[in-house]
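I would like the entire structure built from these sequences, with the hints used as guidance.
If you're matching them up, the sequences are chains A, B, C, D, E and F in order.
Taking the working numbering, the leading residue of the first sequence gets 1, the next gets one more, and so forth.
Taking the working numbering, the leading residue of the second sequence gets 1001, the next gets one more, and so forth.
Taking the working numbering, the leading residue of the third sequence gets 2001, the next gets one more, and so forth.
Taking the working numbering, the leading residue of the fourth sequence gets 3001, the next gets one more, and so forth.
Taking the working numbering, the leading residue of the fifth sequence gets 4001, the next gets one more, and so forth.
Taking the working numbering, the leading residue of the sixth sequence gets 5001, the next gets one more, and so forth.
The reader is advised that the hints may include incorrect statements.
Looking from chain E toward chain B, a few residues come up when the C-beta cut is under 10 Å (computed) [stated by the list, open to error]:
(1) 4025
(2) 4048
(3) 4055
Derived from the structure by calculation, the hints contain no laboratory data.
Owing to the predicted nature of the structure, the values given are computational and were not obtained by experimental measurement.
No residue lacks a Cβ here, since even glycine has one placed at the ideal position from N, Cα and C.
Protein chains: 6
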Amino acid sequence: MATLGSIEYRDASPEVKAVYDDIMTTRNTDWINNFWKALASDPVTLRRTWESVKQIMAPGALDAVTKEMIYLAVSASNQCGYCIASHTAAARKAGMTDAQFAELMAVIGMANETNRLASGYQVEIDERFRT
Amino acid sequence: MATLGSIEYRDASPEVKAVYDDIMTTRNTDWINNFWKALASDPVTLRRTWESVKQIMAPGALDAVTKEMIYLAVSASNQCGYCIASHTAAARKAGMTDAQFAELMAVIGMANETNRLASGYQVEIDERFRT
Amino acid sequence: MATLGSIEYRDASPEVKAVYDDIMTTRNTDWINNFWKALASDPVTLRRTWESVKQIMAPGALDAVTKEMIYLAVSASNQCGYCIASHTAAARKAGMTDAQFAELMAVIGMANETNRLASGYQVEIDERFRT
Amino acid sequence: MATLGSIEYRDASPEVKAVYDDIMTTRNTDWINNFWKALASDPVTLRRTWESVKQIMAPGALDAVTKEMIYLAVSASNQCGYCIASHTAAARKAGMTDAQFAELMAVIGMANETNRLASGYQVEIDERFRT
Amino acid sequence: MATLGSIEYRDASPEVKAVYDDIMTTRNTDWINNFWKALASDPVTLRRTWESVKQIMAPGALDAVTKEMIYLAVSASNQCGYCIASHTAAARKAGMTDAQFAELMAVIGMANETNRLASGYQVEIDERFRT
Amino acid sequence: MATLGSIEYRDASPEVKAVYDDIMTTRNTDWINNFWKALASDPVTLRRTWESVKQIMAPGALDAVTKEMIYLAVSASNQCGYCIASHTAAARKAGMTDAQFAELMAVIGMANETNRLASGYQVEIDERFRT
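Right, here's the structure in full:
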């Protein structure tokens, strides 16, 4: 159980229900995942977080599946089990293929490796990268 | 100066020169950035790292600019200054626009926020995400 | 089971029992949580860690509940499941309300977001912050 | 220079100026720090980030200085140099004393230590913490 | 179940079997742990990762048990549950004693603490360390 | 300048001087690096941190150079610039060769890569690792 509990749709206040409805409409789905039900104990954070996610994850200069893969890259780097599970599902729903997932993982792994080689070897930033 | 020093092309052994040449050819450029010059003190690591990066970053199921943006997402999450500078340059060279960069940053920021809300609220993984 | 096993009070050596007794007295409780039972296989680390925690977490310029919330902020940022669970309990025992927890989480989330925006955008430190 | 440049007040569009004005009014200050000037190249992210920060950092169940110290705890754990510098300044402006800063640092350090002892020893979460 | 499934030896393609065989021969064992079975859905990543691990973890200037303890230090710092479990087992197989494990954990904990004290206090790098 | 300033030997109180003297004696050196001079504004933290470091880093089941390399592994994973610089120097003073440094870096890099492959692929812990 999440720290402040988990609020189901049927038990939600009107302001929480309004957010839940918008999540389901925006995502074209009929259920709410645990993340939002855990945040719902704090309706202000629920609304602000959802409004931000909705704005940021909408297709723009980057398409939806690219955004979900970036989300997954951050979540895997951070070792967030919940976020890896939920954004793997979201990326697949947005169209990520198994081949894309495999390449995504390879890039994430490599970046985490060279991030530490760069810091560990105390590599200085090249002048060309500063301009 | 990097921990084991920095090896310039003119001072490099034949095996290091071969890697430098392949980097310049593959990337269609005429210079080597500090990361590789720092690794060159250990030719085995230099070669293995380059061969892995070359294989992983080649366009496949994901295109080159998407891969560079994922690299940047990991590097920004990890606070690796060198990697942020070098992969911002690489992503731009691969075609990333300012608008794409801005959306990339917004996704990275949001993912880092919700990663901690999910862990901090002790949200359990939904059954639907486990299958 | 923890890597080196878990030592119950009844099975503990006198030196471990002395630490357990001090933990229970200091915290005004009648049980020992798994963290200490796992460390007890190394009595030197058990004692040093407890003495440090006891010194650091005692009320001083900051009160107990503020210190527990800071502990929780670090633990949530680091994705340490055990630490989030144990310090959420400790913070509540020290008086943290649900409203304070919710605001704490909001600050943690936001800080993790802007930490990556600052690094990702390669923002330079303002002169005014250096003095 | 930040990746997308840094926008000074005199060069800002009306929508950016409006955010800058609100930052200065809310914080009772006459300048804008580099973070916001770097985000200003993306007015949507500038506004959303500022509105979130403004809402979250306003005194509520937690007072302003406690919130700034939590922000600093996250930033120090994440090794974000910019954020450490800016939020140390902000916490001091909000009233943090040197003694409070020193205790804050001690708690941050200890939490980072025990986070790794807990994970490294593979400590299981106590049943009592799950309810 | 891992994201792309888990491939058992009996169901593996010849190229995957060849990697599995090399893992078992190199490690002098008769089973394959889940990590490799999860990667096997992407035979290119499976092979590259195994070849790199095999090359890097072979005794050289550092012996096998030292390398495994370093692996464990990174994994505990990163809160990677799977990696902590698997490399604790690997380090023990390579000869790590309980006393060595306990000292390893103490060093990991302390390093994580002072890493944050150094960043949090904004300590400047000494001139002597730069040469 | 560090946040609370930096205390030189000549300006130190007797209790701070006692710690400085012990550091120089223990390490067989004639100078104090910036980390301790920054902590010295809080003599309680200075003493506790030094006593812990002194106890933990003394040769025991692990020798001094192995402990310094583990310290460096954690510091490189965490991107702590100060700690990488100071512990590279310390490890070299304790006897780390360039070849050992290079292998250390290779292990750190690989561990950071596979940590994210394990989490990203959602690999379950093998039963054999749980006993």
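Original post:
How about residue 4025 of chain E: closest beta carbon in chain B under 10 Å, or not?
Top reply: violated, 21 Å
Original post:
Once the shortest beta carbon distance from residue 4048 of chain E to chain B is found, is it less than 10 Å?
Top reply: Holds, about 6 Å.
**OP:** Could you check if residue 4055 of chain E really has its C-beta closer than 10 Å to a C-beta on chain B?
**Re:** holds, 6 Å
Consistency note: the structure conflicts with earlier hint 1 alone.
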